[in-house]
Each structure stands twice: as C-alpha cells, then as structure tokens.
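There are 2 protein chains.
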Amino acid sequence: MSPKITTELLRQLRQVMKNPRYVQEPVQAYIVPSGDAHQSEYIAPCDCRRAFISGFDGSAGTAIVTEQHAAMWTDGRYFLQAAQQMDTNWTLMKMGLKDTPTQEDWLVSVLPEGSKVGVDPFIIPADQWKRMSKALRSAGHDLVPVKENLINAIWTDCPQRPCKPLITLDLSYTGVSWRDKIVALRSKMAERKVMWFVVTALDEVAWLFNLRGSDVEYNPVFFAYAVIGMNTIRLFIDGDRIMDPAVREHLQLDSTLEPEFKIQVMPYGSILSELQAVGAGLSPKEKVWLSDKASYALTEAVPKAYRYLTPYTPICIAKAVKNAAETEGMRRAHIKDAVALCELFNWLEKEVPKGTVTEIVAADKAEEFRSQQKDFVELSFATISSTGPNGAIIHYKPVPVTNRTLSVNEIYLLDSGAQYKDGTTDVTRTMHFGTPSAYEKECFTYVLKGHIAVSAAIFPNGTKGHLLDSFARSALWDCGLDYLHGTGHGVGSFLNVHEGPCGISYKTFADEPLEAGMIVSDEPGYYEDGSFGIRIENVVLVIPAETKYNFKNRGSLTFEPLTLVPIQTKMIDVNLLTEKECNWVNQYHQKCREVVGAELERQGRHEALQWLLRETEPLARVQ
Amino acid sequence: MSPKITTELLRQLRQVMKNPRYVQEPVQAYIVPSGDAHQSEYIAPCDCRRAFISGFDGSAGTAIVTEQHAAMWTDGRYFLQAAQQMDTNWTLMKMGLKDTPTQEDWLVSVLPEGSKVGVDPFIIPADQWKRMSKALRSAGHDLVPVKENLINAIWTDCPQRPCKPLITLDLSYTGVSWRDKIVALRSKMAERKVMWFVVTALDEVAWLFNLRGSDVEYNPVFFAYAVIGMNTIRLFIDGDRIMDPAVREHLQLDSTLEPEFKIQVMPYGSILSELQAVGAGLSPKEKVWLSDKASYALTEAVPKAYRYLTPYTPICIAKAVKNAAETEGMRRAHIKDAVALCELFNWLEKEVPKGTVTEIVAADKAEEFRSQQKDFVELSFATISSTGPNGAIIHYKPVPVTNRTLSVNEIYLLDSGAQYKDGTTDVTRTMHFGTPSAYEKECFTYVLKGHIAVSAAIFPNGTKGHLLDSFARSALWDCGLDYLHGTGHGVGSFLNVHEGPCGISYKTFADEPLEAGMIVSDEPGYYEDGSFGIRIENVVLVIPAETKYNFKNRGSLTFEPLTLVPIQTKMIDVNLLTEKECNWVNQYHQKCREVVGAELERQGRHEALQWLLRETEPLARVQ
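Residue numbers (numbering that gives the first Met the number 0), protein chains in the order written: chain Z, 0 to 622; chain W, 0 to 622.
Just chain Z, same shape as in the assembly (with noise of 0.2 Å):
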C-alpha cells in the first residue's frame, strides 16, 4: 500500500479556504468529517471526501487542514492502515492515547487569534456543530458554514451522486402501507404538538414509504428526504426512478387522493430552501421535529424557538419494533441464511484440510451460497473472515495482503449476514475444523454461556439492554476475561444491519427500553491478540416471557434466537456449563434441525442436512 501523494490537492484546497468565491470571508481551517449528509454509516463514493483528500479510506476518521498543517484523527482500528495510506503531509491523531489533542484542542493550539473554521453545514450534526463551535468560541476563533463544499470544488473527478432504480415493498413483507405510517406519525406529532417532522436519515425515509434501494453498499437504502406535515407529505429525490411505473403506483403519485396523502416530489437539493420556506411560515407553537443527528444546515433552517430535536425519531422507534409480516420475514431470511452456511460449513469441512481456502475464497463461497437463495439481494455488511491471529482482529476484513489459509490448526471466525427481501441477517460463527485445544475449548464455552445468559434472559417490561450487557460477560469475568466491544445492535427488517434506538452495550445509556418485536443481536466474544478471536452472535428477536409471578402484570421479557445454525459442539468443554446452559444448547440444535433440516430437505440439500445433523447432535454432561 504506497501513500497518496496529496500535495497538490492540498495546495488547491488552501487555495478555495481563501477564495472568494466559494468562502465568504477565508477561512484559517477547513474540516473534512467522514460522514455525508444522512449520517450514513455505509457512505456512497461521492462522499468520500475524506478518503479523496487524505487517502486514507478507512471508516472512520476526520480530516483538518489549516495553512501550515494537514491532520487526521482515527481510532485504534484503523492507526496502521492511515499512516500508511497518507504521505508525509499529513499527521495522524491517534484517538484513545492519551497525549492526543482532540480536534477542538489543536485548532486552538496551531490557530492564528481570531480564525475562522470551515465546514460544510450539510455535512457536520447540528449536535456536533454545537459541541466544536462552542469550544473554538471560548478560545476565540469562528466555526463558519461553507456552504460549497471545498473538497467537490477541486474534486475534479469527482462521481455522481448513485441514483439506482427503487424497490417496492408491498403489504406481504412490510405488514403495513405507508399511509398508515404517515397516520401513526402524524398521531406522534400530535402528541408532541409539533406541526412538522423532518426525515433525514436514510434508512427511515426507505422504512416509512416502504421503499428500498441500493444507492450505497450493504444498506438497501436510496438518497432521499422527507418532510412531512399534518396535512402534506413532500419527498425530496432524484432521478427517472420516480418515474418508473411501479413506484408510481405504489407512491399512488397518479391517483386521486385525499390532500393529506398526496406525496409532492421534489428534488432532492431543494430540502433546504423547502425547509427554509416552512420555517418562515411558521406561527407560534408550531414546532418542527428533527433528529439531534441531521444536518446543521438543516437545523439551523428551522428557527430556534421552533425547533423540536430528539435523540431518537418516532420513526426509529416505530422502526425497531417489527410488525408480524416483517418478523415472519425476518424468519424466512433466517432459515434461508442458515442453508447457505450449513452448506459453507460442510463445503469447509471438506476443503480446509486440503489447504487451498482462504479467508477471502471462504468469504466468496459464503456469498454464493447465500445467493442461491430466494429474494437474495446482497451482503448486509462486509464479511469477516479471519482465521488464527486474524480472528482477534474485532472489524477484520481480509484483504489480499492479510488473506490468510484456512487450516485444521487454526480457529476459523466467520461474521456475515445478507440482505433478502424478506429480512437482513447478521451471524458469528466460531468453528476448528481440526482438535482444538483446552485453552480454545475453555474460552469459546465462557462465550457460549454469555450469549446463553442474555439469550435466556428474562426480565422486566420497560427493561433497557444495557442492563443485560454484564450477563454476557460474568462466566468470561470470572476467569478473568473480557472482550472490548458490545453485546447487540438493533438489526433492520430488509434494512441497515445496525440501526437503534436499542442494543445490549455498556457504552450506551440513552437506548431506548426493549420491548416484544425489537430485533438485536447477541454476540459476546473473546480475543486473544496474536493468536485467535471467539465470538458466537445470533440475531434474537424480543418476545414475552411467561413468569410464575408476571412482575405484577407488568410483563416480562425474553429473546428468540431468528439465528439457527449450529454451534460447533467440538468447541465446547461440555463440563463447565450448567444442566440449564446444557439443555439450551441442546434444544437449540434440536430447533435447527427441525426448521433447517426441512427447509434443506426441501431443497433437495442433502449432503448439508447430514452436516446439520451430525453438528446437532445432543451434548451429554458428565455427572
């Protein structure tokens, strides 16, 4: 990986920071954050201005250029790739060490009296913008809005906005039509007493008209907003796929409707001058409803004394719990996912001792596997596979350079997941296609009885994941072992694989409680730097539970595993689990076989039922 050179982009962009016209005064500092205008997680080339300036291409990371310095901040995932992929214009701020500035702290540091910081306002969170500029004021200095983007300015070459053909999705997958979305929305405003709700992310403006699309990798999500109104609806899209028949009809953009159904189309660059003229025609007590996530330039769109801002969204929230059409959905894309890796794993079985997989071959079988299957779309997040020292890499994605053999001496660890019509999938398993060892053994059962431990938790209505999180550490705890990263992330219906308000982590405090119909996953591991990575992750959807005592009426709670493919028992040291972990697993697999089994018996499967069979039969404790 040689660095690219970026001089003399650099030279041009410290040229646009003072040229008039694009900056209405110069700016001393312009920032170039990761993100684009949705807060996307998975970002369209286009956006990839970061990447653009600085070569650095990694999924994190925020650019600063001043006059005399070049600066990227990046966590720890990402510290060896950046440093090699930037030239020496550019110094690397490693986030979490400790004598790292943060940004706000170097703009002071290297900043003439008095600067002006640049961003694009379309670009940085107005919870952000707040954050940076109330800083930089207290030293001083000015966070400004450019609104051009100084880095589309001198990219020449810059791609097109992607601007892909729609999906519609009819009742049979979403459970409910967009116009009763727009009812139970409009029913929330009208709690908040809010007159208006701006749309902003992506995957809710794909969730609330029952559209998909597949303008940026991984999430079947298309660039659009909305803005919606007691009595209108406005979209704000590009394109001729408007004009493709079926949208038409599903949108009923040809029909007489009543008013307040009536879906105007827009473009999608006019959301701001829209959004200007409903802030000024606003009267007292009309409020606007955003997201502390969207733009600044948005926000700020709304005036102050009438803006609404929430963490969280109605339609988030709305979001995250699945109706029975897309949880019936979300089972048939289980047991779909589940085939195609029962034939990986038997495919592995065979392959790997003869030493011509890879992680990256391993990878490209799992994806033609899962394709074979009905309403594959395409992969819902990149694929970890990593074998050995690889495995404790946490977001590992192989690449010529690492791509490693799979062997019979090495833990194998595959994390994937696809996107069908019906459901998005996400699932870790940890397999050795040799003898593992005592130590291997020992770790992955401290994994198997965490995820067992959240799995068969029960607990109260109202309860929020983060209070389970402990329960998948405490057997790995009480050895003295721990894993770095969460335990669950809500998962989208055919959406984006990670989306909230809910999860089961430490880190976070603000999810919103679990309740029967949210979807999450649940994934303890165990990382051993240089020699191996563990994790065992099912997608789990959130039923009732029955109590003997029913928490005074007030429910309780418990997860079905969606997830059913087998856990490997050669990994498990059948000796430290209880009677009650023993028995989970073993109706676990009695589950896989049953459901799998006659899914694969269908169709026509035969080799990879007798793998399943083989890999389900009961585990027996020794007494």
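Because the hints were derived from the structure by calculation, they are not lab data. Keep in mind that a hint or two might mislead.
Remember, identical chains collapse to one label, so a pair may be satisfied in a single copy or spanning two.
[To be verified] Distance condition first, Cα-Cα at most 20 Å in a straight line; then the derived EDC-like pairs of lysine to aspartate or glutamate:
| # | residue 1 | residue 2 |
| --- | --- | --- |
| 1 | K353 | D363 |
| 2 | K187 | D141 |
| 3 | K284 | E112 |
| 4 | K284 | D104 |
| 5 | K551 | E441 |
| 6 | K579 | E273 |
| 7 | K590 | D56 |
| 8 | K133 | D291 |
| 9 | K579 | D477 |
Keep in mind that this is a model prediction, so the values were computed, not measured.
Chain W: place on chain Z using the hints.
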C-alpha cells in the same frame, strides 16, 4: 396530622416578592427548593424553608409560589403526607405521574408574559439553574437571583444555624493528615491546570481537614466552605468552635508553618465576597475548580471563562477510596455494630412473642445496644423498623400513628446503622420470629441469591458499579419479580452514609469506576404491597480478586462483606440455592462466628453469643 394554615404566610411572602427592600424588581414567582447551600441530604432546622412555608416536611419537595398560586412538587413516597400536611392554598404536583407538569411547564402556563421568577442563588445548584433558566427564557420569562432569602424575610422565629463543637480525628482514624490531603489535592489541581479549588459539600470539607461535627442529624458534618489555592488555604467557618484548643492544635493554627499550609479562618458568610475577590484577580489560564452541584451564587462568583466544573470533585473521588486506617476502622465499627444487632435479635426473639414490642420500641432498643459500643456517636440515618405491610414502604420510618407491633406472624425488616468514631455502618436484616410461609421464603431466597450474585461477583478493574446492578435482579427476574430501587450506594468512613461517586444502580451511568478500597452497600430487596418487605443489605469493601487469567494484567476486583450479621437461615429455601450460593452463606456465617463471636466473648455477652452460634449453623442442601 392536621394541615398547616399558610394563608397569612403566603400573603407575607407575596408582599416581599414585590418589596424593593428585598427584590430589585418584583418577582411574579418564587421558588423554594428543599436543599441547603451545600446540597446536603440531611438539613438543619434553619434550612427547612420549604417545610416552613408549606407545612410539608418530607425529605424531597420543591415549592413555587406565584401571585395567584402555590404549588408543591414531590415524589410518590410523599403524596399522602404532603396532602395531609398542606392546606387548600397548595396544589400538590405528583411527580412521576404522566399528567403532572414540570415546574418549568407549569410556570410558563400560569405566568403573565415577561415574568421574573426568583430563587435564592445560594440554594439552587448551578446545573439546575442552567436548565430552568433556559426553559424560562425560551418562553419569554427570566430566572433571577434574589440575594436575600424571601422565606427568611418572613420567618420571624427562624432557628439559628447550628454551630456545634468539632471533633478532631487523628491519624489512627484517617490514615492521612490534612496536610497530605492538601498536597494530594494540589497535585490533582496541577494535573488539570487549575489554580483554585472550592470545597462546597460539607462532607468534603470535613474529610479534607479530618474534622467532624454535628450540625445536622446523621451526617457528622459542620457548616463550612473551603477555598484551596496552590499557596493558600481558606476555611470559612463560624463560631467559637475554632477557638477549641484541640481544634487549633489539630489545624496548627498557632504554629509557625510554611505559608502554603497556613489555614486562614474566615467567617462562613464571607465565602461569596472572598470568592468574588479571587475571581476578580484571575489572570488568563487561572482556572477555578468547582463541583457542578455548587450553588449558582458561588459558581457565578467566578467569571465563566475561568470556571472548571466537574460532576465529581477530586475530594469526592479521593474520599471514596478508603486507606488502610479507614478500612480497619470500618471493620472495627462493623464488628461492634454486629455485636449490637446480635444482642437486639436475641432480645427480639424472646420479646416479640409477648406482643409488647412495637416498631419504635425495636428501633430504640437497636439504638440502645449500639450506644453501648465504644466510640458510638449517633445513628447514621433514621432507622427503618417495619413489620408486615409497613415493610413494603421502602422509605418507611415508624411514627406513632403507623407504629405496628411485631408478631410471630409477620416478617420484620430492620434497616439501621450508626456512626462510630472509626466508621459508619448500614445494615438490613429481614427476620421472621414465627414460621415464614413458603412464598415468603421463596422471595427471601431470590433476594439472597441477588445479594450473593453481587457480593461474589468478579469483574475487571475499571468496571462501573451500575454494570453490576442486573446481577442482583436476575434471580428475581426469572420468576417475574423485581424491586424499584438501586442496589447499592457509596458509604463514608465516619461520614455520610450515602456518598458518591460510586454505587450500584440501574439509574446512574455517570458513576466512577469501582476500585479497591471503595465501600458500597449491596442491598437488593423485594416488596409485596400491603403484605411484607424483604431486603438483605451488607456494606462491602471493594478488594482485588484472584482470577485464572487476570484480564491480561488489567487486574480484577470483587467484594468483601464488612457487615457480619447472620442472615436468618429460617427464611432460606435451601433447595433454591446453587451449591456455590450455599457455600457462600456457610462461609459468611463461619466468618460471623469467628469474628463477631470473639468480640461477643470479649464483651462477655454470652447469651447473644449463643444466639449467634445457633443462627450460623451451616446450611445443608438436599441433593
């Protein structure tokens, strides 16, 4: 309980609200919070202003008086009491109910446009001021500081602020001299680049100077502030008590000292002007460190650019980690406390069947036995002595009208503790003096399992206490039971029985990580409204743990119970315990026998010793 007639008082208050002698401009509303100028948990009679103006004397409540209205906000514990103690001039605002407006919303709904809302800037903490001021300003009103307290202006027979003698603590109790504490504090100040630290919490002043007082009930503190500079020490305290030769000697007031250790004693009331003088003399980069719970008045005395506010002060954090002398003192105090409780429970066992022991008699008897122990000072909080349905009222305190007689048919819950010169105790035991029902035993056993799950938990260094809270609930949750309070709080060393910055609760997220030497309570419970309450509480010390893999040298922690009082085995359903839990109980009781038994023997308390031996017979599980 008949209500206090407040018509005339409210008339007078409304008069001073527009009297230029007291207010620069008339205020249309006046807020009377519960607290004192130090945000103390227990307040002196002279600070009970909200009780004076309203009649309601519960521990939590905020009164707001406007020209037309008088309203009181309090929580569920006090709905009944507040309704009984207040006359019809007052509207009760039931906090936690859905339709109850916040103070801000209510003010906005009743005030004429452009109103001024007054509050004593010494009583309201800065963080609360900020929140309320912002809400009022956005509705066109102003929160204004009223320097003279308007309740004091009409409270003609207001008691004097207490000014009781001080207790000096030598090194055998504190382990560290006040001089060394100042040195450590200054080093923390240097780390954060602050020049001044303002000590506002009473227990922080007491801890810093190794002094104790008795100005308020239960907390052995005295009214004072301190301002510590890098070269100066100012102690703001009133009364002759500083003339006590022992105190002068302890503080070395008459010795020749290096100037940076010379304590300047100043009047309590001069803190504001002194701090303003400090504030006025600051040069750039000279920051002043304050708690964000410090009063608005003191916070405002420091110009905003020079303020350094943190939720926890360096004293709060240092105070929480007990040194060897403090830990040993706490151990001694808990042994004495156990002796007193063995005497009490032995006495109760004999007396309860006679039907003459009421909750108040039992509480008094507990105090009597405690007061016989060496270095006993006072109780550490109001004893919760409750039987039958009273046990389900979590913050119950027996008063004549509720006083119930203990019997062999009801569960008895005693939550009590004391201040000894060597330590502070807080213990809850739940007993049955007849034959408990199977259901009572079942619930008790779940609570015990939760207690053990926390007490025996092993967790990595750096873990925050709130991550352990769910361990205490898991056994209850499994059967559909729960309790609606946190699991533990920090405990001072001959100081406040409730102290920050650590604890074990689902409610907080901002607690500091647990570290060896911290002391917290472990007190899960279960409450059946109208029937009984169960709680099992030990004070526990955080200690290093030995684990197989030791978190890659990050180290691990667990708890050692300091409380050594038998847990009634009659209440335990042994078959619900795991082998590990059963061993925990037996080892705990073995330690009670050894340690407390020896002290009972030494004190010649033979009957109580016999009781202890009976109560600590090992449990045997039926296999």
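**Prompt:** Within a copy, between copies, both or neither: where do K579 and D477 come within 20 Å Cα-Cα?
**Reply:** both (18 Å within a copy, 13 Å between copies)
**Prompt:** Given a CA cutoff of 20 Å, do K551 and E441 count as a within-copy pair, a between-copy pair, both, or neither?
**Reply:** This pair counts as between: shortest inter-copy Cα distance 16 Å, intra-copy 40 Å.
**Item:** Within, between, both or neither, where K590 and D56 count as close if Cα-Cα is 20 Å or less
**Value:** neither (42 Å within a copy, 60 Å between copies)
**Request:** State whether the alpha carbon distance between K579 and E273 is at most 20 Å within one copy, between copies, both, or neither.
**Result:** Close neither inside one copy (59 Å) nor across copies (66 Å); limit 20 Å.
**Request:** State whether the alpha carbon distance between K187 and D141 is at most 20 Å within one copy, between copies, both, or neither.
**Result:** neither (37 Å within a copy, 31 Å between copies)
**Message:** My question is about K133 and D291: at a cut-off of 20 Å on alpha-carbon distance, are they close within one copy, between copies, both, or neither?
**Reply:** both (16 Å within a copy, 18 Å between copies)
**Message:** At most 20 Å between alpha carbons: which applies to K284 and D104, within, between, both or neither?
**Reply:** between (39 Å within a copy, 14 Å between copies)
**Request:** Give the relationship of K353 and D363 under a CA distance limit of 20 Å: within one copy only, between copies only, both, or neither.
**Result:** within (18 Å within a copy, 81 Å between copies)
**Message:** Regarding K284 and E112, is the shortest C-alpha distance of 20 Å or less found within a copy, between copies, in both, or in neither?
**Reply:** between (41 Å within a copy, 15 Å between copies)
In this structure, the hints that do not hold are numbers 2, 6 and 7, in rising order.
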